[in-house]
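From the two separate chains plus the hints, produce the assembled complex.
Residue-level listing of the chains:
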Amino acid sequence: MQLSQLTSLRNLKITSNAFNFERFDLNKKAVCQLLSPSLPPSPIGIRFLSIELNVRMLLQIDSAHPINTLPAWSELDNVLMEASFFNMQYVDLDFQFFFYIPPSTTPEDWQSRVAFEDARILPLLSTHPSIQFHFKTNTICTPQVMDSY
Amino acid sequence: MSNPTTPILPQEIINLIVDEVASQNSPEILRSCALVSRSFSSPSRRQLFSEIEIDVDETLQPRAKRLLKVLKHGQNVDLMVFIRSLKVFLVSPQLEQRQPAPSSSIFSQMATSISRKFPHENYLLKLLSFFVHAPLTSFALQGKRVYAMWPWTDERTNEVVRQLCTISSLKSLQISRIYGLHIPLIGEIVRANTLQEFRVNEVSLLLSQHFYAGDITVYSHAEISSRIEKLDIKRLSYTGMFEIFGRSIDPLLPVPHPFVSFSCLRTLVITISSPEPTITIIWGFILGVASTLESLEIEELGWQGEYVDIKRCLPSLYNTHCQTFRTHAA
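Same order as they appear, the protein sequences are chains V and P. Counting from 1, one number per residue, gives the positions in the first sequence under the working numbering. Counting from 1001, one number per residue, gives the positions in the second sequence under the working numbering.
One chain only, chain P, in its complex shape (with noise of 0.2 Å):
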């Protein structure tokens, strides 16, 4: 029996406050309503799964466990269904601040901390895994705190990544501050053509192995019509981005991909820093859209020097300082 003096919302008033406390992005607060009754934590709890973010560090496998739990849980499981948006940070390693460590150093400390992440227990494989049949919209991948190194060692997390970003749902993907990220991938996401925002921004691309070794894929030539409406490739491998666009630098290399023409695209964010015959592609891409493109955002104009990633990647690595001062003049 309902207590008289307890006011009794219908479910639909009830839908639109948590619907409003959603909006104002407090998790805190979308906690608390979870607790007030069982009206307020069904849609509460909706809210509070449909963005779920994971920090890959060397606390993640107790954490991915203990979230797997709950959302494997008997009265949970409709949750999955309202789970739309999916941020996984890649958290390098804190490295020595005092003097720079070399290149090698580096590396190693990065091995060391893969290997703690990805035990032979791997429940972020299992948690991403899970995540494949979520019905997500949106999904990024970034570099936390530096630039992440990819691949991973773990090859079933890879694969399962690889899987997240080609979902037919999805329609916004982020790839950002990774380095050493291969072409195919990029090609597969571009070939799945779901997307109606593509970020992959900060992030240098690397041939895949097959490549080195002479055995390069040629796909099907038909050409795509892209459905990207918001397109951010700033601070790329241009050369290797064309190229999965069907666009060469070099006119006497064949281009393996097919030629991706974004009749869609309104909004571009791109850096024009790199040698003469990367400029002249992408002024010729950025002249491609110009009946559709409304905003234009761009970096770095008119720098024509040598644009190697590494040099941008490495310093960043060493780049863990967290003290700064900032004063204002008006």
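The following block holds chain V by itself, in its conformation from the complex (with noise of 0.2 Å):
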């Protein structure tokens, strides 16, 4: 489906839950799919984009992990940019990383080692002009599944 062809549409929010980063990855190139222009480009409507995009994490496993270093950003930065988004004025990016800790575990134990840089993963949006751009992460250190938030 093209979203050119939601011609009165002007509000999209999509959201997302990875519990792996192999799924998270695919969701990110799944959005980048839908956003991308038809062939030949058609205008699309949109003027207040919201993605949510939520992955659980492993506290030893993916702390470490290069997240804001994948391609795939550079492709969302580039599909955001194309002309088609005519009518583009908001565009909200929000990250949720669960790391699950066992309830016995106190909060002082833990400690998030993941941080964002929104100009560095969306250096195009970021500077956008007419587009107004709000970045936000969420870390949260839970005992509970990802589903119940």
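No lab work stands behind these hints, which were simulated from the structure alone. Remember, predicted model here, so these are calculated numbers, not experimental data. Glycine residues also receive a C-beta, built at the ideal position from the N, C-alpha and C atoms. Among the hints, a few may not be true.
To be verified - Cβ pair distances, simulated, as ranges: (1) V:41 to P:1133: 55 to 61 Å; (2) V:82 to P:1158: 49 to 55 Å; (3) P:1032 to V:20: 50 to 56 Å.
Have a look at this one:
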């Protein structure tokens, strides 16, 4: 399906959950695929785009993952700069990283090692003169399953 | 005789004050307003009783009895016409947290709980039957804490819930976090065609026993032009839901429900997390409302794995922890 076919669409929110980094990467690619303009390009009237990506992290394995250097970020950055998005005014990007900890663990035992720089992963979007770009990350340390949020 | 030192405000101004207080969403302040004077009491009580929430748990019956007594009291009979919103929360029992209980044990606990909730003198049934005659515009039936099981064992209560879901004045209906909801109930809601907002999410749908017996009701195939403007069908059994909308996952199978067109639909919330044939139908559905759809919220884009609702439901039954530790990174 091409978004340009949804002629009245002004607000699009995509929420995606991943239980490992492989799935997380596939989810990002799926988002890029959905946002990619058709050939030949047709106008897409979206004004507000919100992308929320949730990923479950394994404390010992995923903390050191180079999440902000994956090539899919530049793909998303480039896709959103396409002329098809002539009406785009707001883009919200919201990441939530869920670290499972056993209930017996105290919060003091845990320290987040995930850090992002929005300008680094989406340089074109973050410096665009007419698009308001909001970037937020939450790191959630919890004994509960991700679905409960 | 009025006290000369007390300024007398016109009733219209008092009503505006109470409306403003009500917009702050603070029942405590509204309750205080109701005690100021008679001129404050009436508009405050109207606001207080315009939205009613009921927790269906072990302590339900005495609370339902008290509320029913208040609503039927001679001075309060006029309050019914001001009741606009009803929310019923099905609170599942706290389960054993140390070790996951086997599913048979869970159902046993639920059966015990249900027998406590529905004794011979069923005040919930009486209370809900009372609300059937109120001019409700909004009704919500939600599992609270974990998924709630449907149907309830009390068939009379199920019937009253069915009536509440199809009241002619109803504009907004939310059914959430329910496991095993019957498809015919949803079909009846769609055919009643009163709603502008329909949220049926985190629900698994079950075919009725009549279906398994081969007794399928085929409804009139006159197309229904739905009035729904906002449709939230996130985390749902889509095979059943699209069947209710008159669309079949398998083109070789007959669809017992009439085709439903959504010419007013402006907002859609949907999960695209299903096997391939279902995803094709979902995209087809979205394209079918392209001319009016202004807001689209997609969950689980692109996931094409097996989607079995019970896998979502049963782990949640165990999930009764309340402790969370949140930290925020910039």
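Item checked: Hints violated by the structure (listed by number, smallest first) -> none
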